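Engineer: Sequence:
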Amino acid sequence: MKKQKKVLLYISIFSIISYISSVQIFIYGDAPKKPFESHSIAIAQVGLMENPVNIEELKRNFTNQYSGHVPQQWGENVRGVKTRIDTTDKVIALTFDACGQGGHSNGYDKKLIDFLNKEQIPATLFISGRWIDVNPSIFRELAQNPLFDIENHGHRHVPLSVNGKSAYGIKGTTSIGEVVEEIVLNGQKIQNITGKKPRYFRSGTAYYDEVAVKIANDLGYEVINYNVLGDAGATFTREQVRQATLSATSGSIILFHMNRPETNIAEGIIDAIPELIKRGFRFVKLQEYHDRLAPRTPAPGSYFYYTVVSGDSLWAIGTRYGATIQEIQNMNQLQSNILRVGQRLQVPAKDTSRLVPPVEVNHQVVSGDSLWGISNRYKTSLNLIYQRNSLNQNTVLQIGQRVIVPIEATHVVARGDTLWHISLRYGVSLQQIYDRNNLNERSVLAIGQRIMIPPRPVIW
63 MKKQKKVLLY ISIFSIISYI SSVQIFIYGD APKKPFESHS IAIAQVGLME
113 NPVNIEELKR NFTNQYSGHV PQQWGENVRG VKTRIDTTDK VIALTFDACG
163 QGGHSNGYDK KLIDFLNKEQ IPATLFISGR WIDVNPSIFR ELAQNPLFDI
213 ENHGHRHVPL SVNGKSAYGI KGTTSIGEVV EEIVLNGQKI QNITGKKPRY
263 FRSGTAYYDE VAVKIANDLG YEVINYNVLG DAGATFTREQ VRQATLSATS
313 GSIILFHMNR PETNIAEGII DAIPELIKRG FRFVKLQEYH DRLAPRTPAP
363 GSYFYYTVVS GDSLWAIGTR YGATIQEIQN MNQLQSNILR VGQRLQVPAK
413 DTSRLVPPVE VNHQVVSGDS LWGISNRYKT SLNLIYQRNS LNQNTVLQIG
463 QRVIVPIEAT HVVARGDTLW HISLRYGVSL QQIYDRNNLN ERSVLAIGQR
513 IMIPPRPVIW
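Quick note on this note's numbering: the sequence shown kicks off at 63 and runs consecutively.
Rather than coming from a laboratory, the hints here were simulated on the basis of the structure. Do not take every clue at face value.
To be verified - Straight-line Cα separation of at most 25 Å, SDA-like style, residue types lysine to any residue; simulated pairs:
1. K233 to G130
2. K276 to H483
3. K347 to L209
4. K347 to R300
5. K233 to Q135
6. K180 to Q206
7. K347 to T150
8. K441 to L501
9. K152 to E301
10. K172 to Q405
11. K258 to R354
12. K340 to E329
13. K233 to E118
14. K180 to N197
15. K276 to R300
For clarity, every value in this text was computed on a predicted model and none was experimentally measured.
Could you put together the complete structure from these sequences and hints?
Structural biologist: Following this line, the structure appears as structure tokens:
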């Protein structure tokens, strides 16, 4: 009798496993290559589906919590974003994005992944929900590979903003609720397939405001960017990728793309990795140094250059960048507080999150383009384009070349705004704002009023 019960028990267990396997085949459309590992993933998935995240309730809760928060920063290095590993160990974290925006961005760089597998080089993969939808079998294969950690690259692969800001022509999330959706929906998708919740988040374009970053933190994610741009949005040549990779130092986080096989990203990385190994570096996943992930902070004694514009004062510059008048005077050997327009000052680089970046367009050169024509098209200064791209009047443009164009920003006045605070936020002088908007010191702002912010002098 006991033996009969045992046999029945074994048959029942086998039936359950077979059923789960058949469910998984139904969901994904093909049988798993590694049955044991895939069964464990399917079991985790079934368990999670019984307790799905209530996304609408989450959205309501976060909207209530953050409805009064107005973001002051926008960019890649806003407050709370981690860009490096704070260590003197000779380690480098390779991170690869899979975007899934359609067309080329749905691809898979098999040559790159094969190289990492062959050389047993660990990496952290940031994968979007859109890419997973197009490449489900490849995703499962990557998720089962112990060399790789799978992290969250967003549900729709868009910038993370609570009020609809854009980056590189891609409109970001437009509300607190959309921020929650962008993070949670892809995190849940990854967890449902792998059985493991991602720990890190990187948005599409790697742009954020600081309120969105705080929401990501509250949802259990560290927001990760980079301090070495490995392929410049998959636009670098093989040699540029190699040089960028070789610029890494202890604790660097490098951002590459693994979804653009038609480029030479793989070749550039393959060229650089042996040299880094010769220099004594080893490669780590972010998880290995989780407690040492840090924001971008300048080394003690570092500084940047600031060019004085009309209306500037030492007090205003110091307030804008977190330095005292005395520190700026000492660094520049100034005997008084008097400044002249065009004067170049060294300013202590204490907190790079204070440097609100100018609004920029990533312009791709086409036949007939000239720098003068580009500056006219975007109504910006030719000198700003020269400075931003290290170009000059003798530069010959190449078709397909990328030119970063600083352009005007538009600020929508909110409750409590003053022209003074707006000038501090964007790093331009009051006089520049007055001149551009036909305003003066007696002007009264109205909520909802649009203020044009001219491009500011480039900070080196």
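Engineer: Each hint: holds or not?
Structural biologist: To see whether the hints hold, each was checked on the structure:
Of the supplied pair hints, the one linking K233 and G130 holds, its CA atoms being roughly 22 Å apart against a limit of 25 Å. For the given pair, K276 sits about 23 Å from H483 by alpha-carbon distance, which is consistent with the 25 Å threshold. A hinted pair counts as satisfied when its Cα atoms are at most 25 Å apart, and K347 with L209 qualifies at roughly 8 Å. For the hint pairing K347 with R300, the CA-to-CA distance comes to about 24 Å; that is within 25 Å, so the pair holds.
In summary, the hint linking K233 to Q135 is supported, as the alpha carbons are separated by about 16 Å, within the 25 Å threshold. As the CA atoms of K180 and Q206 are separated by approximately 16 Å, the hinted pair is consistent with the 25 Å bound. For the suggested pair K347 and T150, the alpha carbons sit about 16 Å apart, so the restraint of at most 25 Å is met. For a cut-off of 25 Å, the pair hint linking K441 to L501 stands: about 20 Å separates their Cα positions.
Taking the CA atoms of K152 and E301, the gap is about 23 Å. The hint holds against a cut of 25 Å. Using a Cα cut-off of 25 Å, the hinted pair K172 and Q405 is violated, with the two alpha carbons roughly 52 Å apart. Restraint check for K258 and R354: the C-alpha separation of about 22 Å stays at or below 25 Å, so the hint holds. With a C-alpha separation of about 18 Å, the suggested pairing of K340 with E329 holds against the 25 Å cut-off.
Under the criterion of a C-alpha separation no larger than 25 Å, the hint pairing K233 with E118 is consistent with the structure, at around 22 Å. Taking the CA atoms of K180 and N197, the gap is near 22 Å; set against the 25 Å cutoff, the hint holds. Restraint check: the Cα-Cα separation between K276 and R300 comes to about 37 Å, which exceeds 25 Å; the hinted pair is violated.
Checked against the numbered hints above, the structure breaks hints 10 and 15 and satisfies the rest.
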